[in-house]
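**Student:** So the chains spell out like this:
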Amino acid sequence: MDFYDPIIIEYNKRKEQYEKRPEAQFCIEAINPICGDAFKIYMDMEGAMITRASFSGYGCAVSKAASSLLVEKLEGVKRLVAVQIIEEYLTMVESGEVNKTGNKIWNAFVLAGKYPGRRKCATLSWDALRDFLKKRD
Amino acid sequence: MIDAQEVKKQFPIFQHAHHSGFELAYLDNAATSQKPRLVLDAIERYYTTINANVGRGVYDLAHQSTFAFESTRKKVAGFLNCIPGEVIFTKGTTESINLVAASFLAPKLNRGMNVVVSQMEHHSNFVPWQMLCLAKDAEFRVVPLTDTGDIDLEVMEHLIDENTGIVACTHISNTLGTVNPISKIIDLAHASGVPVLIDGAQSIVTESVDLTELGADFYCFSGHKMFGPTGIGVLFTRQKCLSEMVPYESGGGMIQSVTNSQTTFANPPELFEAGTPHLAGVAGLDAAIDFLHTIRQDDIQRHIKEMNILTRDALDPFEGLEILPGGTNSSGILSFYMPSIHPHDIATFLDQRGIAVRAGHHCTEPLMRALNIPGTVRVSFSVFNHQGEIGRLVDALFGIKKIFG
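Sequence lines, in order, name chains A and B. Residue 116 in numbering that gives the first Met the number 0 sits at position 117 of the first sequence; the count goes up by one each step and never skips. Residue 399 in numbering that gives the first Met the number 0 sits at position 400 of the second sequence; the count goes up by one each step and never skips.
Treat the hints with caution; some may be incorrect.
Only pairs whose alpha carbons sit at most 30 Å apart, straight line, appear in this in silico DSS-like list of lysine-lysine [stated by the list, open to error]: (1) A:Lys14 to B:Lys400; (2) A:Lys39 to B:Lys400; (3) A:Lys39 to B:Lys401; (4) B:Lys183 to A:Lys119.
If you're looking for bench data, these hints aren't it; they were derived computationally from the structure.
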């Protein structure tokens with residue numbers, strides 16, 4: 000298996016979701032002290048609806064691509080739906096099982112997460128956002 | 000002249016298939032060395048022929064084990080040109096430094112005093128002193144580096160004064176590869192009457208050290224970085240310092256007599272070797288010294304320096320790749336980074352091509368902060384590395400540039 004699936008390379012290079020927005024309503028930090036990866040996820044909400052989301056920060060290709068994918072999924076989604084999506088993703092990556100009939104994009108991250116010492120790269124931002132959204136119950 | 004391919008045959012790990020399908024190019028020797036058959040056999044021979052605890056049994060096996068253990072102490076003393084009583088067996092460099100911090104410096108360090116270290120120290124020769132200074136309200140002084148990756152000796156001279164408790168400095172930087180002029184550094188410290196600890200973790204393989212001539216007060220290293228096993232190391236302590244030290248760990252082996260109300264202690268080095276030592280580790284260390292004698296330290300030094308120069312020359316024209324300065328005198332270690340590609344991505348990509356390198360801050364976070372970079376990829380050579388592996392490394396780096404660049 001190739002660690003760097005073209006999907007990860009593409010998401011790593013994407014610019015659409017990468018935007019520093021300190022004025023955002025919420026700023027959630029995702030930090031891995033072991034490797035120094037550090038991202039900020041910026042989010043605006045109207046009631047339960049996430050109306051705007053972006054991210055910035057420094058990290059490896061997988062953690063950056065995973066952050067980009069996460070932010071892409073958030074906009075226009077209600078908080079509880081977002082939690083559900085995040086938990087589905089995390090369960091899949093943590094299981095290490097590729098779903099052959101499932102989402103190709105997610106599968107790329109499952110494969111990356113199977114590599115020794117790299118699972119946290121695929122889950123860093125997702126973990127941080129799940130914790131944040133759950134606390135807002 | 001070293002025939003790296005021939006020497007490689009002595010290391011069983013290279014006979015195992017690598018997960019990538021490529022032959023393993025092990026370029027992480029600064030983290031730990033691979034183990035030659037000679038060392039592995041010595042460990043097995045210890046357990047299968049003379050295993051018994053040392054220093055207490057009166058039966059033949061215990062005598063053999065004790066004799067072997069003390070023979071290695073003598074061999075280490077010969078290797079370093081010091082006396083056997085100055086050789087303390089520890090778990091490794093980290094424990095050696097912590098031992099000096101706790102047993103030698105802690106009782107005398109107080110407010111108004113200071114400790115001097117360099118900006119290139121490994122955490123193991125940085126954090127123990129920093130913690131001790133914080134606990135004792137002493138000043139922790141860090142000597143900066145020059146643009147060439149050398150310790151700024153002029154600044155160091157100013158920072159060492161009559162209130163300095165110790166100067167702690169590495170012989171070779173584990174991140175930059177700089178070989179420090181330790182003789183000069185020792186002279187600088189001694190001019191103010193300050194004792195010096197030299198961290199020899201990276202130098203023990205290539206630098207032949209004569210501690211009688213060098214004059215260092217403490218010198219330490221780990222077995223596992225010199226082809227020996229993990230969990231065994233050495234702390235050389237000059238005899239005059241031994242008498243100033245308080246016990247480190249207490250328990251069996253370090254006592255002379257124990258009553259309900261008091262304990263009298265054994266003399267050094269046993270005083271600092273409480274509990275059953277890592278006897279098989281000592282047997283492995285013994286064989287590792289033999290291995291170094293067989294290959295010759297000078298030849299290893301020449302070989303890995305040549306590998307380093309070849310790699311630097313090959314990477315020099317590489318656009319988008321910055322090599323960190325390796326000091327005026329550089330060993331077999333080099334660090335680089337590619338601003339557009341994370342070091343972990345480079346290391347993972349290389350691993351998929353059978354090349355093992357280290358990525359991150361290499362336990363030198365203060366150095367990374369001083370250089371204002373998050374981390375590097377480090378390549379560190381040993382006796383079994385050869386030019387073909389450098390070619391594979393460079394090709395793979397071009398490959399990753401194509402994908403990420």
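**Student:** With reference to the structure, classify each hint as holding or not holding.
**Tutor:** Now the hints, each set against the structure:
1. A:Lys14 to B:Lys400: Holds, at roughly 19 Å.
2. A:Lys39 to B:Lys400: 27 Å, holds
3. A:Lys39 to B:Lys401: 28 Å, holds
4. B:Lys183 to A:Lys119: 45 Å, violated
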